Structures are given as structure tokens and as C-alpha cells.
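Mapping of the sequence shown onto the working numbering: position 177 corresponds to residue 177, and the numbering continues sequentially without gaps.
There could be a bad hint or two in this list.
Ranges of calculated distance between the beta carbons of each label pair, as one might list FRET restraints [stated by the list, open to error]:
hint, residue 1, residue 2, range
1, Ala-92, Gln-39, 42 to 48 angstroms
2, Ala-302, Ala-175, 47 to 53 angstroms
3, Asp-164, Asn-289, 27 to 33 angstroms
4, Asp-164, Leu-298, 29 to 35 angstroms
5, Val-8, Pro-170, 51 to 57 angstroms
6, Asn-270, Met-28, 38 to 44 angstroms
7, Thr-255, Glu-19, 24 to 30 angstroms
8, Asn-270, Pro-103, 24 to 30 angstroms
9, Ala-101, Arg-204, 47 to 53 angstroms
10, Pro-315, Leu-141, 36 to 42 angstroms
11, Asn-233, Pro-80, 34 to 40 angstroms
12, Ala-228, Gly-271, 23 to 29 angstroms
Everything labelled a hint here was simulated from the structure, so no lab data went into it. Remember, it's a predicted structure, so these values are computed and weren't measured experimentally. We treat Cβ as the ideally placed atom computed from N, Cα and C, and that holds for glycine.
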Amino acid sequence: MLSTRYLVQHFRRLVGRTERVYIGGVSMGGHVTARSIEQYPSLYDGAMPLCGVVGDVELFDFFLDFHAVAQALAGIDAFPIPANYQSEIVPAIQATLGINAGPPSNGLGLQFRAVVIEQSGGPRPGANAAFESWKNFLFGLATPDDGLPLAFNPGRVGTNVDTDYSPDAPENIDAIVDRVEPSDPHSRMAPALGPIALVEGDPRVPVLTLHDLGDLFVPFSMEQYYAADVAANGQSDLLVQRAIRALGHCEFSPTEVRTAFDELVNWVENGVRPAGDPVTDPAAVADANFGCRFSDRLAYDAGTGSRRAFAACPPG
1 MLSTRYLVQH FRRLVGRTER VYIGGVSMGG HVTARSIEQY PSLYDGAMPL
51 CGVVGDVELF DFFLDFHAVA QALAGIDAFP IPANYQSEIV PAIQATLGIN
101 AGPPSNGLGL QFRAVVIEQS GGPRPGANAA FESWKNFLFG LATPDDGLPL
151 AFNPGRVGTN VDTDYSPDAP ENIDAIVDRV EPSDPHSRMA PALGPIALVE
201 GDPRVPVLTL HDLGDLFVPF SMEQYYAADV AANGQSDLLV QRAIRALGHC
251 EFSPTEVRTA FDELVNWVEN GVRPAGDPVT DPAAVADANF GCRFSDRLAY
301 DAGTGSRRAF AACPPG
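Work the whole structure out from these sequences, hints included.
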């Protein structure tokens, strides 16, 4: 955030004051974008966080949820994460849940998948395919705390103390899951800039976001948390969000990004607010055609990336 601010200031020293300044970034850059417009509200005129960690610490809650629920359903208690987690415990969890080779093969595995889908944004197109695409990667994220600073161990801010898990069958997860307090509660709540800077949902300038429905590295739920925070601050009129039908992290076509940026500029300069998707409406998100409006049809037709993991959108 600081270096981006310094870049703007350096540019102005070299070429003079600019009429407009826009900020955008992908993934962690999306996190930087969302916090930057709150940290320096007079510096930027518009923002475009792409696949961003706009839910800040909630990302690490999701990673914790994944492992806590998997352990609970498998009947294994492995918090704090031990040294043999990847070599011995994860394979045992996967075997018990029937997810070590293909889709879930038993009721526990099906429940685990359903919980992961719920925690990552709710039922939505491509959700089952997203679970298959990302499950092994997510299992691989958990490692023992090595004592290095928070930037190397961001899981310290994660907690599931107040999480209500669903679905509740065949196991009542809330009754059996290990509840984990954040080991660094100060960093979880600190308003100052830090390795995991908080995003309060106070944009003050137009913001247009893109997020892949099947991204489970920075899940779609980030957009829902951000929308709720922005609404709580009475600024929903400054936020437009778009869902893209792909499984990858930051898997956008040039057309999707270019169109979004052009419409953000038109919004800032001419007051024409772009259209978006209702990301906080569970019924809308669960609709089979959710995400079709802003996804690149030519990318689907060409079979680009993971686009064909989704059903074809209706014509028009």
C-alpha cells in the first residue's frame, strides 16, 4: 500500500498532477487495492480489486474451517498442526472421508464437500468441480507454525470459535469440531497497516470487482463479506461485483478485465454505474445460470482454461 502510494507521488513529480488515479490488483493486489482506498481516501478515484482478499482475515478462517471440519469428520484431532500432518494425517483424513481418489465416495466425504461449498460462498454453479480441483491444494496449505513473523504464518489470525457449520448431517459438526482461538488476536483486530491489513468496507470511491465462482484459494465468499461490510457502512451504491464462471484463481479473460475497467472509468467520469451480480442473494447465487451475464462467451466456446467445467450459458 505504501509503495503504491509512493509510486503515485513519484509519477506526479515526474509528469505533473494527473486528472484521475485508478488502482487495481489481483489476489493480494486486490487486498492492497481495497485497503488502499480506505487508507488514502483522497488519492484514488476508482478501484478494481480482482479475485481479491477483500474479506481480509476471513480468508484464514476459511482455511481453518477446511482442516477443522475434515479432522472432525475423520475423528482426528490435529491442532496445532503437527510435523507429520502432510505425511501421515492428511492421507488418513482423505481415506476416511473417501476423497483420496475422485469425488467423495461416502456420506462423510459428501458432507465435507457440502460444508466447504457453504463456507466458500454457498451452493453455486461449478461448486462440485471446484472442490475436486482445489481439495488437495487446500490440504497442502496447513503446516506447523515455524516461529517466523506473521507474514510467513498468517494462519495465526484464523478462528472458528463462533462458526456455525452446515449441513448438520450425517454428523453434527458443531458438536464435534475443534474450536480454535486465534493465536495472534491482536493482529486479527489491529486497524494499523500490517501483513494482514483489515478492510472495513469503507471505499468512498467507485469499486468494481471480479471473482471466479470456483476459486477456493481466495473463495467467492470474500465478495460476500466485502459486500456486507460496505452495506453496513451505507456505501453499497459505490460497489459493483461480478461473478465469472471459472475454477481458477484470477482466471479472467482479457475481455472480462478490459470491459470491467472501461465501465469503471465511465462510472467515475460520467456517473454511469455499471451492472453487477447480486452476490449476497443465496437464491440468485445458486441459480444454474449465475455468472453468465459477465463471463466471456468466447472463452467458453474456445474451451479456455476451466470454462468447460461449467454448463453452457443460455443464448443471448
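Checked hints:
1. Ala-92 - Gln-39: 42 to 48 angstroms: Holds: the Cβ-Cβ distance is about 44 angstroms, inside 42 to 48 angstroms.
2. Ala-302 - Ala-175: 47 to 53 angstroms: With a Cβ separation near 48 angstroms, Ala-302 and Ala-175 satisfy 47 to 53 angstroms, so the hint holds.
3. Asp-164 - Asn-289: 27 to 33 angstroms: holds (29 angstroms)
4. Asp-164 - Leu-298: 29 to 35 angstroms: With a Cβ separation near 41 angstroms, Asp-164 and Leu-298 fall outside 29 to 35 angstroms, so the hint is violated.
5. Val-8 - Pro-170: 51 to 57 angstroms: holds (55 angstroms)
6. Asn-270 - Met-28: 38 to 44 angstroms: violated (31 angstroms)
7. Thr-255 - Glu-19: 24 to 30 angstroms: Given a distance of about 27 angstroms, which is inside 24 to 30 angstroms, the answer is holds.
8. Asn-270 - Pro-103: 24 to 30 angstroms: With Cβ atoms ~48 angstroms apart, the hint is violated.
9. Ala-101 - Arg-204: 47 to 53 angstroms: holds (50 angstroms)
10. Pro-315 - Leu-141: 36 to 42 angstroms: With a Cβ separation near 40 angstroms, Pro-315 and Leu-141 satisfy 36 to 42 angstroms, so the hint holds.
11. Asn-233 - Pro-80: 34 to 40 angstroms: holds (36 angstroms)
12. Ala-228 - Gly-271: 23 to 29 angstroms: holds (25 angstroms)
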